[in-house]
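**Student:** Sequence:
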Amino acid sequence: MLLAAGRGERMRPLTDTCPKPLLQVQGRPLLQHHLQALAQAGVRRAVVNTGWLGEQIPARFGARFAPDTGGEPLHLAYSPEPEQALETAGGIARALPLLDTVFWLAAGDVYAPDFDFPFEAAREFAASGRLAHLWLVPNPEHHRRGDFGVDELGLACDWPEGDARPRQTYGTIALLRAELFAAPWCDIPPGNPDGWRVPLVALLRRAMAAGQVSASLYTGRWTDVGTPERLQRLNTPAA
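In the numbering used here, the protein residues as written are 1384 to 1622.
Be aware that a few hints might be false.
What the hints assert, rightly or not - For each label pair, taking beta carbons as the anchor points, the in silico distance ranges come out as:
1) PRO1576 to ARG1443: 27 to 35 Å
2) ARG1580 to GLY1445: 24 to 32 Å
3) ARG1447 to GLU1524: 36 to 44 Å
I should point out that these hints are in silico values taken from the structure, not numbers from a laboratory. No experiment lies behind these values; they were computed from the predicted model shown. Note that the Cβ used here is the ideal one computed from N, Cα and C, for glycine as well.
Could you put together the complete structure from these sequences and hints?
**Tutor:** Right, dumping it as structure tokens:
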């Protein structure tokens, strides 16, 4: 599942007329970098949630994405939301009928061109029985505190305030199990028919407390394309 429903307030005025996942990075829409990597990894179907200016995304990509490296196309389904998006967990819950029991998750506004959605990681996660596996990244300048730590068993931990152990930033790339979106971890009704707006982090923290979330550190190129300045840096040729 690719998250593409947000308004992109910090990217205005660019996002007044273009949804953030369609902004150009290195000559192609930001979302296309994920689509390309998923197709090359052998994934055959992806779900994209849409919200703000959401009609532009299926108009751009249609029902099939053909990777420019050749090979099998990636079949696309869309999960529309109101212009005021349903937050991460709310959007996933809305799209859940379209998803497998184990699925990749990636934010459409993250640029991670070297992340290849490894099949072996998905296979190991499916066999583990855990509810989530997160890829954490070194803390960027704009988020020095980080989000979560990793213990000696490879489990993601929400260290208490004041704990000196290191935290890294959640890279908004993960493997998830559909069970995370049911009781006791999640209170959203199946399919989220009432449009509950719920962030994913609340569910992850509950699952972490039960030892149900693992994590890895990803050190490849990664940018949260959250401001016009970061977008400009990505599109400025290296000196």
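**Student:** Against each hint, give a clear statement of whether it holds in the structure.
**Tutor:** Results for each hint:
1. Checked against the hint of 27 to 35 Å, the pair PRO1576 and ARG1443 passes, with Cβ atoms roughly 28 Å apart.
2. For the pair ARG1580 and GLY1445, the beta carbons lie near 29 Å from each other, so the given range of 24 to 32 Å is met.
3. At roughly 38 Å, the beta carbons of ARG1447 and GLU1524 sit within the given window of 36 to 44 Å.
Going down the numbered hints, you'll see the structure goes against none, and every one checks out.
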